[in-house]
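**Q** Chain by chain, the residues:
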Amino acid sequence: MHWPDLSMGGYGFFVWGSYLFSFVAIVWELVSLSQRKKALAQQRRSSASVPASVLRGSANETTS
Amino acid sequence: MKNIGPIGPIGPIRKIMNLYKYASPATFYPLAGKMIPWFAIPAALLFAAGLFVGFFIAPTDFQQGDAYRIIFIHVPAAWMGMFLYVLLAIYAGIGWAFNARLSSMMASSIAITGAMFTSISLVTGAFWGKPTWGTWWVWDARMTSTLILLFLYIGFISLQAAIDDPRRADRAGAVLALVGVINVPIIYFSVQWWNTLHQGATIRILGKPTIAPPMLAAMLIMLAACWFYSVAVVLIRLRCIILEREQNASRFAEVGV
Chain A
1 MHWPDLSMGG
11 YGFFVWGSYL
21 FSFVAIVWEL
31 VSLSQRKKAL
41 AQQRRSSASV
51 PASVLRGSAN
61 ETTS
Chain B
1 MKNIGPIGPI
11 GPIRKIMNLY
21 KYASPATFYP
31 LAGKMIPWFA
41 IPAALLFAAG
51 LFVGFFIAPT
61 DFQQGDAYRI
71 IFIHVPAAWM
81 GMFLYVLLAI
91 YAGIGWAFNA
101 RLSSMMASSI
111 AITGAMFTSI
121 SLVTGAFWGK
131 PTWGTWWVWD
141 ARMTSTLILL
151 FLYIGFISLQ
161 AAIDDPRRAD
171 RAGAVLALVG
181 VINVPIIYFS
191 VQWWNTLHQG
201 ATIRILGKPT
211 IAPPMLAAML
221 IMLAACWFYS
231 VAVVLIRLRC
241 IILEREQNAS
251 RFAEVGV
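Just so you know, the sequences run in chain order A and B.
Sequential numbering of the first sequence, starting at 1, is according to the numbering used here.
Sequential numbering of the second sequence, starting at 1, is according to the numbering used here.
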């Protein structure tokens, strides 16, 4: 086992840049998924309280 | 004798037949929920282990120095991008051929994760290309075909988002996915078929790998991490898609559309 040189022998920008981009991409996916779940839960709660007659307009718009 | 029914042994047959019930979104939904922790927790542990081996155990490369450490994320991401596209095409094809809703939902669920891994492979490839080749990008066969893979993913996602009716969206997506799958062997064999700047395969199915064992170990651990992560995330998204579609269907049924 050895402690890695943080400058990566002069390639630090490229190595850490790669891992930073990957980390951001993964975090973005997890956050967007979490927001989708939250939005879905909220939508389910609000649609449960809204009568079908109110939904009729938007449903027709979607299918026309 | 306890597995003998009126027409013979029924236990194993019944178990196999029972698996078909999970082809229904409603029955697969709770199963997916139970499966997620079994993939998410190992994914986190494997990412930690892979990075530890990659940065603390694997030696510095005598030619590329520490710049080569990008492969621990670049190669697994590139493999996942290709593998997930093949999986997406299989699910989309099954969904189209057999009108299996869950398969089509699975294909939709895979697309974003596949696109994300393909983006990671392209960007980390550029980060690796600059110090080793002296350029961020060249239009060589491997890189161009991988960029086409990203466009196929984006096309699939956009096409599905553009069509309101989920069944029609699934069919249109399946056509694109099945046509686009031809790009995967082109990516894989591009370094053999054309004279490219990209290096050849370091890991072969038949034959010894050409990299040091700790480097290979780190790469394979990271690949396993990416695989477990993909399954967990795809299952989470699949549950969202099931809820969204069922919710829309029940809403339409409620208003008599």
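A few of these clues could be false.
Part of the chain A face toward chain B, derived, beta carbon under 8 Å [what the hints assert, rightly or not]:
| id | residue |
| --- | --- |
| 1 | Pro-4 |
| 2 | Asp-5 |
| 3 | Gly-17 |
| 4 | Tyr-19 |
| 5 | Phe-21 |
| 6 | Ala-25 |
| 7 | Val-27 |
| 8 | Glu-29 |
| 9 | Val-31 |
| 10 | Lys-37 |
| 11 | Gln-42 |
| 12 | Arg-44 |
Hints listed in this document are in silico derivations from the structure and should not be mistaken for laboratory results.
Ideal Cβ placement from N, Cα and C applies to all residues, glycine included.
**Q** Hint by hint, note whether the structure agrees.
**A** Structure-based check of each hint:
{"no.": "1", "hint": "Pro-4", "in the structure": "holds (5 Å)"}
{"no.": "2", "hint": "Asp-5", "in the structure": "holds (7 Å)"}
{"no.": "3", "hint": "Gly-17", "in the structure": "holds (5 Å)"}
{"no.": "4", "hint": "Tyr-19", "in the structure": "holds (6 Å)"}
{"no.": "5", "hint": "Phe-21", "in the structure": "holds (5 Å)"}
{"no.": "6", "hint": "Ala-25", "in the structure": "holds (5 Å)"}
{"no.": "7", "hint": "Val-27", "in the structure": "violated (11 Å)"}
{"no.": "8", "hint": "Glu-29", "in the structure": "holds (5 Å)"}
{"no.": "9", "hint": "Val-31", "in the structure": "violated (12 Å)"}
{"no.": "10", "hint": "Lys-37", "in the structure": "holds (6 Å)"}
{"no.": "11", "hint": "Gln-42", "in the structure": "violated (12 Å)"}
{"no.": "12", "hint": "Arg-44", "in the structure": "holds (6 Å)"}
The structure fails hints 7, 9, 11 (numbered hints given earlier, in ascending order).
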